[in-house]
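Residues per chain, in single letters:
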Amino acid sequence: MIAREKLDQLKAGLGAAIRRADLPSDRCLFVFVEPAALKKACQYVFRDLDARYVTGIGADDRPFSGSFLVAHNFAFDPDHLLCSILAEVPAAQPRVDSISEVVPAANWAEREWRDLVGIELNGHPYPKRLVLPDGWPDNVHPLRKEVPWNFSPGDTEDGREFKFDDPPEGCTVVPFGPFHPTLDEPAHFRLYVDGERVRGCEYRGFMAHRGIEKLAESVLTYNDIPVMAERICGICGCVHNVTYAQAVESAAALQAPPRAEYLRTIHLELERLHSHLLWVGLACHILGFDTLFMQCFRIREPVMWVAEKITGNRKTYGLCVIGGVRRDLANGLKAELQQVLDRLETEWRTVTGAVLQDRNIQQRTRGVGVADRKLVKEAGLVGPVARAAGVDIDCRRDHPYAAYDRMTFDVITAPDGDVWSRLVVRAREVFESIKIIRQCLEKMESGPIQLTIKDELPVGRLGLSSVEAPRGECHHFVITGEGNRPRRWRVRAPTYQNLQGVPMMIKDQQLADMTITLGSIDPCFSCTDRLETIDLKSGATRVWTPEELIQLGRSRKTS
Amino acid sequence: MRTDLICSVAGGLANVAAVLLVAPLGEGVLRKVTAILQSRKGPPLLQPYIDLLKLLGKEDIESGESPALQRFVAWLSLAAALTVACLVPMGFAAPMNGAGDVILLIYLLTLCGISTLLAGLAAGSTYSLLGIGREMMTMIALEPLFAIALLVGAVHVQSLRLDAVLNGSVYAVQGVPWSGLVLLVVMVLSFQAFVQRVPFDIPAAETELMDGPLMEYSGPKLALFKYAQMARLVVHSGLFVALFVPWGSGLGFPLGWLLFWAKVLALVLVVTVVAATHARYRIDQAIRYFAGLLAAAFGALALAGYGF
Numbered sequence: 001m002i003a004r005e006k007l008d009q010l011k012a013g014l015g016a017a018i019r020r021a022d023l024p025s026d027r028c029l030f031v032f033v034e035p036a037a038l039k040k041a042c043q044y045v046f047r048d049l050d051a052r053y054v055t056g057i058g059a060d061d062r063p064f065s066g067s068f069l070v071a072h073n074f075a076f077d078p079d080h081l082l083c084s085i086l087a088e089v090p091a092a093q094p095r096v097d098s099i100s101e102v103v104p105a106a107n108w109a110e111r112e113w114r115d116l117v118g119i120e121l122n123g124h125p126y127p128k129r130l131v132l133p134d135g136w137p138d139n140v141h142p143l144r145k146e147v148p149w150n151f152s153p154g155d156t157e158d159g160r161e162f163k164f165d166d167p168p169e170g171c172t173v174v175p176f177g178p179f180h181p182t183l184d185e186p187a188h189f190r191l192y193v194d195g196e197r198v199r200g201c202e203y204r205g206f207m208a209h210r211g212i213e214k215l216a217e218s219v220l221t222y223n224d225i226p227v228m229a230e231r232i233c234g235i236c237g238c239v240h241n242v243t244y245a246q247a248v249e250s251a252a253a254l255q256a257p258p259r260a261e262y263l264r265t266i267h268l269e270l271e272r273l274h275s276h277l278l279w280v281g282l283a284c285h286i287l288g289f290d291t292l293f294m295q296c297f298r299i300r301e302p303v304m305w306v307a308e309k310i311t312g313n314r315k316t317y318g319l320c321v322i323g324g325v326r327r328d329l330a331n332g333l334k335a336e337l338q339q340v341l342d343r344l345e346t347e348w349r350t351v352t353g354a355v356l357q358d359r360n361i362q363q364r365t366r367g368v369g370v371a372d373r374k375l376v377k378e379a380g381l382v383g384p385v386a387r388a389a390g391v392d393i394d395c396r397r398d399h400p401y402a403a404y405d406r407m408t409f410d411v412i413t414a415p416d417g418d419v420w421s422r423l424v425v426r427a428r429e430v431f432e433s434i435k436i437i438r439q440c441l442e443k444m445e446s447g448p449i450q451l452t453i454k455d456e457l458p459v460g461r462l463g464l465s466s467v468e469a470p471r472g473e474c475h476h477f478v479i480t481g482e483g484n485r486p487r488r489w490r491v492r493a494p495t496y497q498n499l500q501g502v503p504m505m506i507k508d509q510q511l512a513d514m515t516i517t518l519g520s521i522d523p524c525f526s527c528t529d530r531l532e533t534i535d536l537k538s539g540a541t542r543v544w545t546p547e548e549l550i551q552l553g554r555s556r557k558t559s
Numbered sequence: 001m002r003t004d005l006i007c008s009v010a011g012g013l014a015n016v017a018a019v020l021l022v023a024p025l026g027e028g029v030l031r032k033v034t035a036i037l038q039s040r041k042g043p044p045l046l047q048p049y050i051d052l053l054k055l056l057g058k059e060d061i062e063s064g065e066s067p068a069l070q071r072f073v074a075w076l077s078l079a080a081a082l083t084v085a086c087l088v089p090m091g092f093a094a095p096m097n098g099a100g101d102v103i104l105l106i107y108l109l110t111l112c113g114i115s116t117l118l119a120g121l122a123a124g125s126t127y128s129l130l131g132i133g134r135e136m137m138t139m140i141a142l143e144p145l146f147a148i149a150l151l152v153g154a155v156h157v158q159s160l161r162l163d164a165v166l167n168g169s170v171y172a173v174q175g176v177p178w179s180g181l182v183l184l185v186v187m188v189l190s191f192q193a194f195v196q197r198v199p200f201d202i203p204a205a206e207t208e209l210m211d212g213p214l215m216e217y218s219g220p221k222l223a224l225f226k227y228a229q230m231a232r233l234v235v236h237s238g239l240f241v242a243l244f245v246p247w248g249s250g251l252g253f254p255l256g257w258l259l260f261w262a263k264v265l266a267l268v269l270v271v272t273v274v275a276a277t278h279a280r281y282r283i284d285q286a287i288r289y290f291a292g293l294l295a296a297a298f299g300a301l302a303l304a305g306y307g308f
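The listed protein sequences correspond, in order, to chains W and F. Just so it is clear: in the first sequence, position 503 is 503 by the working numbering, and no numbers are missing. Just so it is clear: in the second sequence, position 175 is 175 by the working numbering, and no numbers are missing.
Honestly, the hints are just simulated from the structure, not real lab data. It is possible that some hints are incorrect.
To be clear about the criterion: a stretch of chain W counts as covered by chain F if any three or more of its residues have a C-beta under 8 Å from a C-beta of chain F, and this derived list gives those stretches [said to hold, decoys possible]:
id : segment
1  : 294-303
2  : 356-367
3  : 412-421
4  : 506-518
A few chain W residues that face chain F, going by a derived Cβ cut-off under 8 Å, partial list only [unchecked claim]:
id : residue
5  : 147
6  : 175
7  : 180
8  : 183
9  : 185
10 : 196
11 : 288
12 : 289
13 : 291
Counterexamples of contact, computed for chain W against chain F with all Cβ distances above 10 Å [stated by the list, open to error]:
id : residue
14 : 19
15 : 172
16 : 458
A virtual CB, placed ideally from N, CA and C, is assigned to each residue, including glycine.
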């Protein structure tokens, strides 16, 4: 009973600060502490018990318990345990101690709930706006329950601009993004450059925040959300789809049938295959090695085709419902999938042979963008970035879900923490994914693919789930609720943590290494755009200003 | 005397016409072969001609700090490349032999690089300035290489005349031409940088600096820069062939002429394959690399001084 053991340790360390605890299974632990003791509790878990920081959640729980709720989630990876430290924050004075000083990885999560839920922070080291747009009024917090999902602030201060920090002395500012050939999606880095060296940077992102969490807790229902969750990411959508379903299942104590678990595993690994192939290609492109970029994409294409045959889509598989999956593997596709894997394995051996022996690539990536073990711990870095620094974590093994407990595979690590190590890790993980899919096809038993759920899901239960996405741990936290939808659903994609490590990785590096360093975490922002319309009759071109676009958006009556 | 002058001017113009005609084809070959190496179909061979026409027909947008200078530099870059073409043998003997000597050629080669610098400077955006910073570092290390090669040839033949030097002069010594061989190696290793291709397209570096010095250019001005870049590929290849691979240039027309263009084509193919099989170097790595080559080149110059 590892959960019980950890709880005893916590009790020994924190004493009376613990209000109550919940041990729904041996794999997760919920501990409610006094708000005043939150910082101490998190410090104890993070430093003394050496847990990994996962994410922080703020929730408006006033309609139900009369108070706000904050949670900091941690993972005890070697013990296969996820742990959430929660505190109820009085509604009258929504204010809580910041833990970012003792747990730097919590920096963004805390700022996010400050923006979205309006729970203020005591002693945050960098209390700048993170998520909300620059013109958003200060006192409106979209994730509070009284704010409707389609709320649009009437009086945004359109002229208000984000205030960037002053650059260090002797440095010029190089704006990187929001649009840049190597940024697939908008994000803005202000680089402070001294000659060819980057001395620091400031990040401003969240330019395409779509309010998906708000939609989920106000408009959608339990089984709508997986489809929406999938659209969080353009590459690893299935991961969010599965993670959400599993989080709800864990809250409601449901267990998907074995065949559904195998099917989930297959789809997740297919996704990892095409994501890793894509990434190695893009990394080569960033380094100017376009031949390998093209070859990677050629090799990747059959994976997309077979995914399309299995699911009807190259991407966006629409796989999960609560308690199972929506479709089985059609007849004949098993053999075809096996063929695709065989060919992929041969071709990938050739490519990795070429990449991993190329001195030219090594010169550009060795010692570049280093994230060492310390940074991994402090910033809570996950996935290939952590494994490339020799930190042996992988949710598939550490927090087994779907059918991974029945699979044998290696967790690939590399020692140096540089871009080269990340390249090696990803390139070799492709073979492990192929191995896992083969085992699934072999071991998969026949049977139902969905649970029959007769009753309403229980209300007010907490659920969490971690899934190893291609980019690292994807973590979802769910509070079940009334009206066939969750009260709160919090998504933490792996890039959320990894991006926080980038400023440290690029510090004192060459400017030329900036793009590959950022690329090496495989960042995953999201898309929005400026709009240009052309009147076909007159041929006149009109560029819309931001103000006009806002007006246009608000005047629309239908969506 | 008069017919001489007419011949020489006509020859120069013929060279310019040849370069203008062939340069986009060279680029077309480069793109097609790159595509084949990348398992792609690639654009038609004549695509670069169409691209240039399209760009020339576009609106001339003035964006950047000093539009007048930008317009001038766009012409300068192509003009510099074409003037070099006048002086270099393109299948026949160097046409405008009397119009200048090796020293002029060295200056004109440098002018090609300087026009890129000016282009970035005139545009004045952050990325352009970063690009010309890199271009400048590259030029300082790179430009002396061709100059040294030409000087070594001049030392060997005891003349600065173009027709004397641009005829395999680097090997023109008794016995084994050590200096010429060293320079051959140096030039082969640095040729990619002279024609601004991967792994040495560092100043432009699309995925870092978004074309660096040329970032602010579009339409006709971009066409001129692109044309100049294509012309450089041909002109530099011609220069390389004349200096280092002269064998068979003495043959009469059309054999010698065909042989010359075959050698240029072969060089373009080498450039293509190297570009398609390498990642871009970082500026500090490239400079270290060039510094080694520069040291070797100076060694060759010293050898040439002692008659090797």
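Tested hints:
1. 294-303: holds (count 3)
2. 356-367: holds (count 5)
3. 412-421: violated (count 0)
4. 506-518: holds (count 6)
5. 147: Result: violated, 40 Å to nearest chain F Cβ.
6. 175: holds (7 Å)
7. 180: holds (7 Å)
8. 183: Given a least distance of 10 Å, the restraint on residue 183 of chain W is violated.
9. 185: This interface hint is violated because 15 Å lies over the 8 Å limit.
10. 196: holds (6 Å)
11. 288: holds (3 Å)
12. 289: Hint holds; residue 289 of chain W Cβ to chain F Cβ min 4 Å, cut 8 Å.
13. 291: holds (5 Å)
14. 19: holds (53 Å)
15. 172: Non-interface label fails for residue 172 of chain W: nearest chain F Cβ at 7 Å, not farther than 10 Å.
16. 458: At about 51 Å from chain F, residue 458 of chain W clears the 10 Å cut-off, so the statement holds.
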